[in-house]
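There are 4 protein chains.
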Amino acid sequence: MPNPPIGFQHGVTLDQAQRIATTALEEGRRLGLAPLTVVVLDAAGQMKALLKEDGCSLLRPAIAHGKAFGAMGLGFGGRELARRSQGMPGFMNAFSDLAGGAAVPVPGGVLVRDGAGAILGAVGVSGDLSDKDELAAVAGIKAAGLTPDTGDDA
Amino acid sequence: MPNPPIGFQHGVTLDQAQRIATTALEEGRRLGLAPLTVVVLDAAGQMKALLKEDGCSLLRPAIAHGKAFGAMGLGFGGRELARRSQGMPGFMNAFSDLAGGAAVPVPGGVLVRDGAGAILGAVGVSGDLSDKDELAAVAGIKAAGLTPDTGDDA
Amino acid sequence: MPNPPIGFQHGVTLDQAQRIATTALEEGRRLGLAPLTVVVLDAAGQMKALLKEDGCSLLRPAIAHGKAFGAMGLGFGGRELARRSQGMPGFMNAFSDLAGGAAVPVPGGVLVRDGAGAILGAVGVSGDLSDKDELAAVAGIKAAGLTPDTGDDA
Amino acid sequence: MPNPPIGFQHGVTLDQAQRIATTALEEGRRLGLAPLTVVVLDAAGQMKALLKEDGCSLLRPAIAHGKAFGAMGLGFGGRELARRSQGMPGFMNAFSDLAGGAAVPVPGGVLVRDGAGAILGAVGVSGDLSDKDELAAVAGIKAAGLTPDTGDDA
Numbered sequence: 001m002p003n004p005p006i007g008f009q010h011g012v013t014l015d016q017a018q019r020i021a022t023t024a025l026e027e028g029r030r031l032g033l034a035p036l037t038v039v040v041l042d043a044a045g046q047m048k049a050l051l052k053e054d055g056c057s058l059l060r061p062a063i064a065h066g067k068a069f070g071a072m073g074l075g076f077g078g079r080e081l082a083r084r085s086q087g088m089p090g091f092m093n094a095f096s097d098l099a100g101g102a103a104v105p106v107p108g109g110v111l112v113r114d115g116a117g118a119i120l121g122a123v124g125v126s127g128d129l130s131d132k133d134e135l136a137a138v139a140g141i142k143a144a145g146l147t148p149d150t151g152d153d154a
Numbered sequence: 001m002p003n004p005p006i007g008f009q010h011g012v013t014l015d016q017a018q019r020i021a022t023t024a025l026e027e028g029r030r031l032g033l034a035p036l037t038v039v040v041l042d043a044a045g046q047m048k049a050l051l052k053e054d055g056c057s058l059l060r061p062a063i064a065h066g067k068a069f070g071a072m073g074l075g076f077g078g079r080e081l082a083r084r085s086q087g088m089p090g091f092m093n094a095f096s097d098l099a100g101g102a103a104v105p106v107p108g109g110v111l112v113r114d115g116a117g118a119i120l121g122a123v124g125v126s127g128d129l130s131d132k133d134e135l136a137a138v139a140g141i142k143a144a145g146l147t148p149d150t151g152d153d154a
Numbered sequence: 001m002p003n004p005p006i007g008f009q010h011g012v013t014l015d016q017a018q019r020i021a022t023t024a025l026e027e028g029r030r031l032g033l034a035p036l037t038v039v040v041l042d043a044a045g046q047m048k049a050l051l052k053e054d055g056c057s058l059l060r061p062a063i064a065h066g067k068a069f070g071a072m073g074l075g076f077g078g079r080e081l082a083r084r085s086q087g088m089p090g091f092m093n094a095f096s097d098l099a100g101g102a103a104v105p106v107p108g109g110v111l112v113r114d115g116a117g118a119i120l121g122a123v124g125v126s127g128d129l130s131d132k133d134e135l136a137a138v139a140g141i142k143a144a145g146l147t148p149d150t151g152d153d154a
Numbered sequence: 001m002p003n004p005p006i007g008f009q010h011g012v013t014l015d016q017a018q019r020i021a022t023t024a025l026e027e028g029r030r031l032g033l034a035p036l037t038v039v040v041l042d043a044a045g046q047m048k049a050l051l052k053e054d055g056c057s058l059l060r061p062a063i064a065h066g067k068a069f070g071a072m073g074l075g076f077g078g079r080e081l082a083r084r085s086q087g088m089p090g091f092m093n094a095f096s097d098l099a100g101g102a103a104v105p106v107p108g109g110v111l112v113r114d115g116a117g118a119i120l121g122a123v124g125v126s127g128d129l130s131d132k133d134e135l136a137a138v139a140g141i142k143a144a145g146l147t148p149d150t151g152d153d154a
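Residue numbers (our numbering), protein chains in the order written: chain Z, 1 to 154; chain G, 1 to 154; chain V, 1 to 154; chain F, 1 to 154.
Simulated from the structure, these hints should not be mistaken for lab results. There's no promise every hint is true.
[Said to hold, decoys possible] Computed footprint of chain G on chain F; a stretch qualifies when at least three of its residues, placed anywhere within it, have a C-beta under 8 angstroms from a C-beta of chain G: (1) 12 to 18; (2) 36 to 49.
[As the list claims (entries may be wrong)] Sample of chain V residues facing chain Z (criterion: CB under 7 angstroms; computed from the structure): (3) THR13; (4) LEU14; (5) LEU51.
[What the hints assert, rightly or not] Incomplete in silico selection of chain Z near chain F, CB under 10 angstroms: (6) PHE8; (7) LEU14; (8) ASP42; (9) PRO89; (10) MET92; (11) ALA102.
Even for Gly, the Cβ is constructed at its ideal location relative to N, Cα and C.
Hey, can you work out the whole structure from these sequences and the hints?
Dropping the structure here:
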């Protein structure tokens with residue numbers, strides 16, 4: 001039998017992902033937000049870290065995942081996905097189906113870039129209003145020394 | 001063991017499909033488009049060729065496939081699908097579900113016809129705005145000596 | 001707009017889940033295992049915490065989830081699911097389909113019980129051989145002061 | 001509207017993928033194999049290139065994809081997946097379901113590594129006997145200056 005699998009390199013590291021996730025939840029507490037779930041996806045769109053606060057409703061993990069996965073799928077932060085959902089509903093409905101329902105086009109899905117602009121993954125937060133969810137995601141990404149891309153021009 | 005399967009004849013040839021795909025990407029570069037994915041389906045709706053440029057977001061292959069598959073599914077180019085998505089959203093939402101999410105009703109899905117009008121397959125391109133994606137698909141099909149059907153009257 | 005959702009009580013707490021997940025990974029490192037993914041599900045079968053070590057292959061998160069979800073689905077630890085997979089393959093194949101593929105009947109899926117035997121959630125670990133994955137899950141659950149149920153009599 | 005998506009970096013490049021795919025088909029012709037389909041996945045498990053020879057049966061693209069995706073999913077070449085399918089059928093049936101049917105555990109799914117062992121993607125070939133399909137995949141990977149990992153010790 002061969003050695004255990006090695007060599008998969010998928011962007012954001014576990015250390016970075018844990019820092020993002022724990023900081024996002026701390027920011028939610030600091031701002032007095034409702035209980036949050038935070039999902040960190042790696043560059044392959046697979047889950048790297050997830051934390052769900054006590055009191056979250058049933059599908060918060062799926063919604064947080066969908067925000068991050070939608071961003072990875074199209075290559076834009078959630079604010080751009082929200083604009084397209086308004087302007088091109090036919091396409092965005094099809095995109096949702098194509099993703100098996102796992103693409104949620106609202107703020108709170110944020111791409112994670114390094115200093116050179118390379119995409120290392122994405123963060124999705126759900127639990128409060130989307131604009132507030134996004135604040136938590138952004139705080140987490142910055143705490144890890146990385147650059148958030150919300151889908152708005154900086 | 002029986003002989004290998006032979007005799008499947010599914011429209012567009014591999015030579016044609018490769019010509020379509022490589023030309024579509026060249027056209028994208030010439031026009032300065034974002035990184036593109038191009039999918040060529042044969043007359044049976046199966047993938048004949050796919051090429052994804054470096055830098056594409058995660059679901060570009062699925063979106064490009066969906067544009068081409070939607071065109072094959074209904075028998076119209078993507079522009080007609082987009083019109084129906086506007087005018088008959090109930091049917092088009094059901095069509096998306098029926099296709100398991102693999103039908104994306106926007107420009108950039110283009111039927112491939114021979115000189116007599118027979119449908120040999122379809123091309124889907126995704127990466128930039130849909131109208132620009134379509135330019136790349138059309139250039140590819142013409143380079144192979146075949147006739148693009150975008151869903152608009154010529 | 002209504003107040004944020006409160007009052008969902010789903011067994012394992014975030015503090016416990018984080019303790020379980022980080023200890024499971026530490027145990028994996030201590031034992032020299034391949035890179036692991038650990039998933040902690042709450043009493044509602046939703047994800048409470050997930051951590052994926054650097055180097056994991058693409059579907060480790062889905063496999064770890066499936067081990068834990070299979071245990072929650074039938075109400076037995078993964079060792080009992082593995083026995084049933086041997087003894088009643090027809091039922092277990094149907095169970096896998098019924099769960100949409102999200103039920104993996106092998107060791108490494110471990111129920112989390114409190115002192116009175118109540119099920120607070122389940123842990124799934126994937127990355128090395130199943131028997132070794134289970135060691136990491138059990139170490140995590142014990143570190144949180146809870147009782148692992150592997151599907152074997154103690 | 002923000003600029004087009006940039007920064008996705010997913011292992012194997014398009015140049016490498018095209019070299020792999022075209023060489024695999026040439027090797028098939030040289031060996032007199034049945035018509036082949038070759039799929040190249042990138043490090044995110046998404047399709048980078050696909051070519052289907054004229055005469056392939058309907059699901060060759062899906063089978064070739066499944067061989068490559070199974071290898072990416074578990075982190076082993078197809079020969080190791082085939083061994084596990086023999087030795088742990090319950091797990092491998094569940095793995096197939098978990099992958100939505102897109103994991104085919106036979107030779108002809110080959111991991112693509114760089115000189116340092118990092119996994120850049122995977123290749124799947126289908127059309128002839130699995131052992132012969134694998135020869136074509138290996139030839140393609142080598143022609144691109146990369147290292148094939150079939151799941152057997154070298």
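Here is how each hint holds up against the structure:
1. 12 to 18: holds (count 4)
2. 36 to 49: holds (count 6)
3. THR13: Result: holds, 5 angstroms to nearest chain Z Cβ.
4. LEU14: V:LEU14 check passes; min Cβ-Cβ to chain Z is 5 angstroms, inside 7 angstroms.
5. LEU51: OK, holds: V:LEU51 within 7 angstroms of chain Z, min 6 angstroms.
6. PHE8: holds, 5 angstroms
7. LEU14: violated, 17 angstroms
8. ASP42: holds, 9 angstroms
9. PRO89: violated, 17 angstroms
10. MET92: It is violated, given that the least Cβ distance between Z:MET92 and chain F is near 15 angstroms, above 10 angstroms.
11. ALA102: violated, 12 angstroms
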